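Here's the letter readout for the chains.
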Amino acid sequence: NAGVTQTPKFRVLKTGQSMTLLCAQDMNHEYMYWYRQDPGMGLRLIHYSVGEGTTAKGEVPDGYNVSRLKKQNFLLGLESAAPSQTSVYFCASSYGLPWANVLTFGAGSRLTVL
Amino acid sequence: GDSVTQMEGPVTLSEEAFLTINCTYTATGYPSLFWYVQYPGEGLQLLLKATKADDKGSNKGFEATYRKETTSFHLEKGSVQVSDSAVYFCALRGAQGAQKLVFGQGTRLTINP
Numbered sequence: 001n002a003g004v005t006q007t008p009k010f011r012v013l014k015t016g017q018s019m020t021l022l023c024a025q026d027m028n029h030e031y032m033y034w035y036r037q038d039p040g041m042g043l044r045l046i047h048y049s050v051g052e053g054t055t056a057k058g059e060v061p062d063g064y065n066v067s068r069l070k071k072q073n074f075l076l077g078l079e080s081a082a083p084s085q086t087s088v089y090f091c092a093s094s095y096g097l098p099w100a101n102v103l104t105f106g107a108g109s110r111l112t113v114l
Numbered sequence: 001g002d003s004v005t006q007m008e009g010p011v012t013l014s015e016e017a018f019l020t021i022n023c024t025y026t027a028t029g030y031p032s033l034f035w036y037v038q039y040p041g042e043g044l045q046l047l048l049k050a051t052k053a054d055d056k057g058s059n060k061g062f063e064a065t066y067r068k069e070t071t072s073f074h075l076e077k078g079s080v081q082v083s084d085s086a087v088y089f090c091a092l093r094g095a096q097g098a099q100k101l102v103f104g105q106g107t108r109l110t111i112n113p
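Note that the protein sequences, when read in sequence, are chains F and W. Note that the first sequence covers residues 1 to 114 in this note's numbering. Note that the second sequence covers residues 1 to 113 in this note's numbering.
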């Protein structure tokens with residue numbers, strides 16, 4: 001019963017470095033999402049996908065890229081990390097409409113950019 | 001656009017106290033409303049939901065009623081426990097087939113024994 005798995009759980013980067021966060025789900029969900037969580041700001045949607053091969057911008061997409069080459073995986077990339085991207089990143093997934101409101105979340109990935 | 005506003009935290013209560021966490025929203029049409037809970041070190045989990053006006057969602061002793069006239073979805077529990085300590089997020093999914101949730105900023109709740 002893995003659900004949604006995020007790797008890595010923790011990462012420290014220097015400004016300008018690149019990295020990729022991996023999200024994997026084993027529930028055959030159509031929709032996948034990347035959120036960032038910052039103190040006092042709740043969760044903000046970065047990018048999302050409504051199916052394999054599709055991606056769309058969320059509320060705060062700048063500085064991030066995503067890919068959904070396989071239905072079960074959703075990758076979040078930072079090409080040139082900045083201190084403003086220090087945050088906790090959550091991946092989530094759901095069935096398609098009309099069940100898109102019930103999200104299953106991963107445990108989070110804490111990223112620090114120095 | 002759609003938005004959710006929650007009461008400022010943190011909230012600290014004693015065990016067995018009554019809890020209210022306020023949530024108001026702005027949306028067009030008839031959104032669906034949710035409360036998610038995040039326990040320490042974990043991802044968010046759905047706590048309860050309501051999909052139309054006057055619906056009451058309930059789970060684990062928590063309740064929230066969808067009030068369209070006041071655009072509110074306040075979370076209540078009659079007697080809180082230490083294990084209820086967590087961060088609570090109010091969220092909405094807009095009408096007309098909106099594909100994503102909009103979250104409030106979260107309210108941290110601490111229950112002391």
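Heads up, some of the hints might be wrong.
[Claimed, not checked] Here are the computed lysine-lysine pairs in the DSBU-like style, where the Cα-Cα straight-line distance is at most 35 Å:
1. F:Lys70 / W:Lys56
2. F:Lys14 / W:Lys56
3. F:Lys71 / W:Lys52
4. F:Lys57 / F:Lys14
5. W:Lys49 / F:Lys70
6. W:Lys68 / F:Lys9
7. F:Lys71 / F:Lys14
8. W:Lys77 / F:Lys9
9. F:Lys9 / W:Lys49
10. F:Lys57 / F:Lys71
11. F:Lys14 / F:Lys70
12. F:Lys71 / W:Lys77
13. F:Lys57 / F:Lys9
14. F:Lys70 / W:Lys68
15. F:Lys9 / F:Lys70
16. F:Lys14 / W:Lys52
17. F:Lys9 / F:Lys71
18. W:Lys77 / W:Lys49
19. W:Lys49 / F:Lys14
Hint data in this document are derived by calculation from the structure and do not stem from the laboratory. Because the structure is a prediction, the values reported are computed rather than measured.
Going through the numbered hints above, which ones does this structure break? Give me the numbers in ascending order.
1, 2, 6, 12, 14, 16 and 19
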